[in-house]
Amino acid sequence: MSSKEEILGKCRTQQDYPMPRLDDIAAVKYPDPLTQFVAMSAAVGGKVVELQPGKDINHLLRSLFPEAVNIASNLPEISLANRNPDTVGSAAELDGTDLGVVRGEIGVAENGCIWVPQTMKERAVCFISENLVILLPKEAIVNNMHEAMKRIRVGDYGYGCFISGPSTTADIAQVLVMGAQAARSLTVVLLP
Amino acid sequence: MSTQHSKKAAAFLKNQEYTAWHDATFWGVRVGRDNMAMGLEEWEQLRQKASEIKLHTLSHLDKYLEQFAGNAAKNGVKVHWAADADEFNSIVLDILTGSGVKKMVKSKSMLTEECGMNPYLEAHGIEVVETDLGERILQLKGQAPSHIVMPAIHLSHHDVGELFEQKGISEGKGNHDPTYLTYRARLSLRKEFLSAGAGMTGANFGIASTGEIVVCTNEGNADMSTSIPKLQISAIGLEKIIPDYDSLAVFQRMLCRSGTGQPTTSYTSFFRKARCADGEFHIILVDNGRTQWLQNPAHWELLKCIRCGSCMNTCPVYRRSGGYSYSYFIPGPIGINLGMLRSPEEHQGNLSACTLCGSCQCVCPVKIDLADQIYAWRQEWPAAGKKLICSVMNAVYKNEGIYRNFTGIAHLANILPAPWLPFYLRFPRKPFHSLAHDEL
Ligand code: SF4
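Order-wise, the sequence lines are chains A and B. All the letters of the first sequence, read from the start, carry residue numbers 1 to 192 under this note's numbering. All the letters of the second sequence, read from the start, carry residue numbers 1 to 440 under this note's numbering.
Hints may contain errors.
Unchecked claim - Listed next, the in silico DSS-like pairs over lysine-lysine satisfying Cα-Cα at most 30 Å (straight line): (1) A:Lys121 - B:Lys103; (2) A:Lys150 - B:Lys304; (3) B:Lys304 - B:Lys63; (4) A:Lys29 - A:Lys150; (5) B:Lys191 - A:Lys4; (6) A:Lys4 - B:Lys103; (7) B:Lys74 - B:Lys230; (8) A:Lys4 - B:Lys167; (9) B:Lys78 - A:Lys10; (10) A:Lys4 - B:Lys8; (11) B:Lys304 - A:Lys4; (12) B:Lys167 - B:Lys102; (13) B:Lys191 - A:Lys121.
If you're looking for bench data, these hints aren't it; they were derived computationally from the structure.
Build the full structure now, drawing on both the sequences and the hints.
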């Protein structure tokens, strides 16, 4: 008998607990989810800026990251980009990226999470960049994770991630440090 | 055996300053958890739902495992089943040698620790690089984790600073600032990510309805480990399977709030497919005792655990004795219990490391009755000391003459100095932990 059959056989129990209802969870809701999202983003070490209607995103990014040289994005509106995660030869070529720009789909007010499905060939851009910018439509904020989980879709690339703030660690003497192995800063740009 | 926890705890307590720091640090994490819990009116409802989802899933585990494996296979993932640690280790080795991999980066996984995977792979010539900062520090130091979420908590920034100097990770000497050390580790690990042939993750959850692995990290190291190499291996214990995204929402909301007092981890990553057309994604489902534990009528609910770590953070004994005082590789209330499931003979000494205060079961996000379980273990497995007493008592009760003699001298217990008292007369007057310490 293969391990699979053996394991499945041994899993059968006499117990029969029903699956609980989950639609009756009285989950937190906010009078103004956007305000809560901005506050939570700050609490987890992120930064939120708003792109004013009619303004150019590239102009805003340049003012936020005046020193960024290597800028990676596959988004057509990011004319500043000089690296494209869709066309680089390998993920490793994205090392040394100062600024990566990607699109987020859903923001979660309760914890500052942003759903970023993989929409580029090399998802490394989301982690290997020193600074990450996520573009997020202002109206895409939900109250809590229950609402978010109902909406997320993992696309054809087969990967997605909730990102909240920069990469952090407290593994050395419990001191919180931003910038462990992935992005050292996270900026959310709210689109009109 | 029984002496181990109390003896090691006594050694731990010799450094009063450090003990006070350790105690206060974990109490701080516990307070952080309380603030998070009190910030959500639905907290207790979430705990109840989380417990019920786990009870349901575990009682239909065969069905959910098949669903998970079927969906993963549809996603093009190669699913493996490992009955025990040996089978798990050899599956990993086969995958790596099959692809000619010499170096693998990996994110934190207590399961690989449980299976002794790193030493096994290293003995077969494969370099394994831990990429969680705490785990990396321990790997460089040749130590095991002392906490499941904060593995290097027993080291000070000076310990880490000196280690990094020895290993050439820091430049120069004397800079032991955590921010600087973290940055130096980042630079050193970056080289490893770029040069590894495979990336490995553990799993916080397996989603049956989609066949995905979900991993929660703050460092983003699981994502770094799997975004550059073309080969991904994820190891998951059978009990980590949950039905669907709606269930995941419940657990995701509680995992980090309970464990570290944060509203979420920085990264909650969903792995569904191999990274690229010429890449591979292997998921290894590991039993290693779990199906046997599932059949244990008194203790199967321990499998509900989501490894948040909050039971150890709150435990007055853990906080004052540290992770290395326990004989099992997972410390604290859940470790005491899991050690007993694994090998009561080897780990019953840990049963003394509990005051039955019940704090653990008040914070556990999946409502495991940890302290009640420890109490039950004590009845099932009287510690070696008790067994010894029992055998003396048996001999005594079986022989009426000896019994009369003993009862005849029993009153002397009140006037004789302690060391003169027969062992059996002292036993019932002493708390469990000090018996373990002195007598065994
Ligand atoms: S037993 Fe409960 S509190 Fe302890 S680690 Fe597991 S889930 Fe967390």
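Could you work out which earlier hints the structure fails to respect and list their numbers in ascending sequence? 5, 8 and 10
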